[in-house]
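Number of protein chains: 2
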Amino acid sequence: MTPDGFPVVGIVGGGQLARMMIQAAIPLGIHIRLLSERADDSAARVCTEVVIGSPDSIDDLVNFAAGCDAVTLDHELVNLDALERIEAAGGVVRPGPFTLAFAKDKAHQRREFAAAGLPVPEFAEVTTAEEIEAFASRLGGWPVVVKAQRGGYDGRGVWVVDSPEGADELAAEAAERGVALITERFVRIKNELAVLVARRPGGQMVVYPVVETVQRDGICHEVLAPAPVPPDVVERALAIGLRVADLTCATGIVATELFWSEGDEVLINEIATRPHNSGHFSIDGAQTSQFANHLRGVLDWPLGDTSLLAPAVVMANLLGADSESLAPRMAAALRQPAPGVHPHLYGKGVRPGRKLGHVNALGDDPVETRERAVRAAAVLTGRAE
Amino acid sequence: MTPDGFPVVGIVGGGQLARMMIQAAIPLGIHIRLLSERADDSAARVCTEVVIGSPDSIDDLVNFAAGCDAVTLDHELVNLDALERIEAAGGVVRPGPFTLAFAKDKAHQRREFAAAGLPVPEFAEVTTAEEIEAFASRLGGWPVVVKAQRGGYDGRGVWVVDSPEGADELAAEAAERGVALITERFVRIKNELAVLVARRPGGQMVVYPVVETVQRDGICHEVLAPAPVPPDVVERALAIGLRVADLTCATGIVATELFWSEGDEVLINEIATRPHNSGHFSIDGAQTSQFANHLRGVLDWPLGDTSLLAPAVVMANLLGADSESLAPRMAAALRQPAPGVHPHLYGKGVRPGRKLGHVNALGDDPVETRERAVRAAAVLTGRAE
Numbered sequence: 001m002t003p004d005g006f007p008v009v010g011i012v013g014g015g016q017l018a019r020m021m022i023q024a025a026i027p028l029g030i031h032i033r034l035l036s037e038r039a040d041d042s043a044a045r046v047c048t049e050v051v052i053g054s055p056d057s058i059d060d061l062v063n064f065a066a067g068c069d070a071v072t073l074d075h076e077l078v079n080l081d082a083l084e085r086i087e088a089a090g091g092v093v094r095p096g097p098f099t100l101a102f103a104k105d106k107a108h109q110r111r112e113f114a115a116a117g118l119p120v121p122e123f124a125e126v127t128t129a130e131e132i133e134a135f136a137s138r139l140g141g142w143p144v145v146v147k148a149q150r151g152g153y154d155g156r157g158v159w160v161v162d163s164p165e166g167a168d169e170l171a172a173e174a175a176e177r178g179v180a181l182i183t184e185r186f187v188r189i190k191n192e193l194a195v196l197v198a199r200r201p202g203g204q205m206v207v208y209p210v211v212e213t214v215q216r217d218g219i220c221h222e223v224l225a226p227a228p229v230p231p232d233v234v235e236r237a238l239a240i241g242l243r244v245a246d247l248t249c250a251t252g253i254v255a256t257e258l259f260w261s262e263g264d265e266v267l268i269n270e271i272a273t274r275p276h277n278s279g280h281f282s283i284d285g286a287q288t289s290q291f292a293n294h295l296r297g298v299l300d301w302p303l304g305d306t307s308l309l310a311p312a313v314v315m316a317n318l319l320g321a322d323s324e325s326l327a328p329r330m331a332a333a334l335r336q337p338a339p340g341v342h343p344h345l346y347g348k349g350v351r352p353g354r355k356l357g358h359v360n361a362l363g364d365d366p367v368e369t370r371e372r373a374v375r376a377a378a379v380l381t382g383r384a385e
Numbered sequence: 001m002t003p004d005g006f007p008v009v010g011i012v013g014g015g016q017l018a019r020m021m022i023q024a025a026i027p028l029g030i031h032i033r034l035l036s037e038r039a040d041d042s043a044a045r046v047c048t049e050v051v052i053g054s055p056d057s058i059d060d061l062v063n064f065a066a067g068c069d070a071v072t073l074d075h076e077l078v079n080l081d082a083l084e085r086i087e088a089a090g091g092v093v094r095p096g097p098f099t100l101a102f103a104k105d106k107a108h109q110r111r112e113f114a115a116a117g118l119p120v121p122e123f124a125e126v127t128t129a130e131e132i133e134a135f136a137s138r139l140g141g142w143p144v145v146v147k148a149q150r151g152g153y154d155g156r157g158v159w160v161v162d163s164p165e166g167a168d169e170l171a172a173e174a175a176e177r178g179v180a181l182i183t184e185r186f187v188r189i190k191n192e193l194a195v196l197v198a199r200r201p202g203g204q205m206v207v208y209p210v211v212e213t214v215q216r217d218g219i220c221h222e223v224l225a226p227a228p229v230p231p232d233v234v235e236r237a238l239a240i241g242l243r244v245a246d247l248t249c250a251t252g253i254v255a256t257e258l259f260w261s262e263g264d265e266v267l268i269n270e271i272a273t274r275p276h277n278s279g280h281f282s283i284d285g286a287q288t289s290q291f292a293n294h295l296r297g298v299l300d301w302p303l304g305d306t307s308l309l310a311p312a313v314v315m316a317n318l319l320g321a322d323s324e325s326l327a328p329r330m331a332a333a334l335r336q337p338a339p340g341v342h343p344h345l346y347g348k349g350v351r352p353g354r355k356l357g358h359v360n361a362l363g364d365d366p367v368e369t370r371e372r373a374v375r376a377a378a379v380l381t382g383r384a385e
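Chains as they are written, first to last, in the numbering used here: chain C, 1 to 385; chain X, 1 to 385.
The following block holds chain C by itself, in its conformation from the complex (with noise of 0.2 Å):
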């Protein structure tokens, strides 16, 4: 606790959601101690607390939680025995390792969302080649999807398979690095969805609207709320995120990443116990952020309504940039139609296909909207004039 009474915050983690959060954190008057990687990470940056250590190491967490009304975390890779500790030792810790279980391993979280009857795609925990081939003749054929079950993120760690000889050449390599693999049916989709629900330790909970991430090869480029979708699927969608978000115990932000199929089927993809890139919307677009939410949901306050504040809102994520610094293209990326656009920038150095920050657009037209959006980001990521 804070001399005058406001809790302490500890955030595991220094990308750009730790930055939002701290953003967040300001006016309702809760003060944020950074676990951070390096003094240069996005949140360390607007962060006046930064403890710099490792999330693999117990004894940096272990030391980082002791003061900390409650820990929260800004990715999954995080050393849960550490987590484990700290609340023996009394400590909060929120999501719990019992939550982040589901995020880290994909095994567990097929099993138990399967056990629990929740849509998931057919999988299969495989080890060889004949074990990939077995389940793919058992669905009628190629491709097949190939997971790790442990680290996969964006895309990474997730293989279509598309052949005997691709399951041989993926089967070994994966057994040579020690990776356990689960393969899954590949899903022919229509789109892809995803919601986002906020939850306190006691159950009660809040749904934002379901969106659509507009997603090329394996990266999401924009999010559109509310999703172009029929009112049965968005229904379909909202119970998945809730059982989901009830069914692990989730507290604050837990994001489920949702196939819509071209069978009409409504799927599990992935799911992120922590802010995810498709509430970004929420900041500008909805009555109370993610970000808000997520550290009422850690505080066990009462959470924020998530209603849109326009008929349509868009998110472009900005994805590397073809020149070496954003900012002389702030003034060029602001000068949009009214009502404009809101930049959100990560204070990252420029790599290619780096998530750098992402645009927000209100408006009333989703067509207009998406464009005023993805116009500005490619002004500010150098693609556009």
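No lab work stands behind these hints: they were computed from the structure. In this text, all values refer to a predicted model and were calculated from it rather than measured experimentally. Ideal Cβ placement from N, Cα and C applies to all residues, glycine included. Treat the hints with care, as some may be off.
Listed next, with one range per pair, are the computed distances between beta-carbon atoms [as the list claims (entries may be wrong)]:
(1) C:364 with X:324: 27 to 35 Å
(2) C:112 with X:337: 31 to 39 Å
(3) C:332 with X:337: 41 to 49 Å
(4) X:81 with C:58: 30 to 38 Å
(5) C:111 with X:351: 19 to 27 Å
If you want the footprint, here are the derived chain C segments under chain X, 3+ residues with CB under 8 Å [stated by the list, open to error]:
(6) 113–123
(7) 318–327
Use these hints to put chain X onto chain C, whose structure you have.
This is chain X only, laid out in the frame that chain C set:
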């Protein structure tokens, strides 16, 4: 400039306005350097680069400005000679001394505005009780308003004088303290209004919807957006706000506080050449907050749209509290009917009547929205359960 090419903006003064500018600077990638008198000032608590110094000290200001791409202000109580020195040395001060003179010197402001044909109450520069009496009798009797030419703020430095004895007493005290006075007509008002304009150095302007500021004992308690007044009053207020911004060569935000009189006049009361309490509604309730638009104006970036995000937006100030800290009341304050409330705390210790923060609420109905904001403010300050 930062190593990655983003601008460094220096803010003189560590109050809540600087704090909210810092929050607005994060997504825009702007680095803030703060000149604050104390390390625990409102803004200093959330700023990564704090220089301790005095806004009265020429040396402190000149040293502080070195390396800033632009210097702006949390309040007007700044040494103008220092700002001129900074400009003479090639530094950028926005708003500059020309603009600040209008806010610092009420006699100068009234003279200039009256000469430009802007509606100000009848006024006179006075030094003696006899001059105040002569002014009163010229206007048909008591009361009249007497103001310190310099240093008035939120009701302090403004007196209502209703008798020759009162004039005697005030004139004597002012003479003793070396305070120059002006006297003005006492305006009988229906409503107090405010209009905020953001302006770029080249003259581009945007104007926020006219708001009503609900005052009690000279202190603003609530702000209602849009102001519930007839369209012709709104039009006159907007025209005055734009003309004030133009005449004062404002950069960033300039706020004009207005009287709507019983005789249906719209008259200038005060101006502030910086973000202003009457614009705090815009953080949650407008497309672009006044703090983002202030920074955009200061950096000569294109300005953002000012339209409201809901039919009714209300701000309620947190003025003192019946408890030592607001922290234990956060959960209760957030427990409001949808769409809820947005608290903004300033990180200040509780003192009687002190502005500790504000609460914004958005809604469809002005009455319900106001009740929601006021109720949350009452809970936070310990005046309601």
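Take the C-beta atom of residue 364 of chain C and the C-beta atom of residue 324 of chain X, compute their distance, and say whether it sits inside 27 to 35 Å. Taking Cβ atoms as reference, residue 364 of chain C and residue 324 of chain X lie about 47 Å apart, which means the hint is violated.
Whether chain X covers the segment 318–327 of chain C (at least 3 residues having a Cβ closer than 8 Å to its Cβ atoms): holds (count 4)
Count residues of the segment 113–123 of chain C with a Cβ under 8 Å from any Cβ of chain X, then say if the count reaches three. Violated: only 0 residues of the segment 113–123 of chain C have a Cβ under 8 Å from chain X.
Given the range 31 to 39 Å, decide if the beta-carbon distance of residue 112 of chain C to residue 337 of chain X lies inside it. At 36 Å between Cβs, range holds.
That 41 to 49 Å hint for residue 332 of chain C and residue 337 of chain X (C-beta), does it hold up? 43 Å, holds
Just tell me: holds or violated, for the beta carbon distance of residue 81 of chain X and residue 58 of chain C against 30 to 38 Å? Violated, since residue 81 of chain X and residue 58 of chain C (Cβ atoms, about 57 Å apart) do not stay within the stated range.
Could you tell me whether the CB distance from residue 111 of chain C to residue 351 of chain X stays inside 19 to 27 Å? Violated - the Cβ-Cβ distance for residue 111 of chain C and residue 351 of chain X, about 57 Å, lies outside 19 to 27 Å.
Hints 1, 4, 5, 6, counting from the list given before, are not met by this structure.
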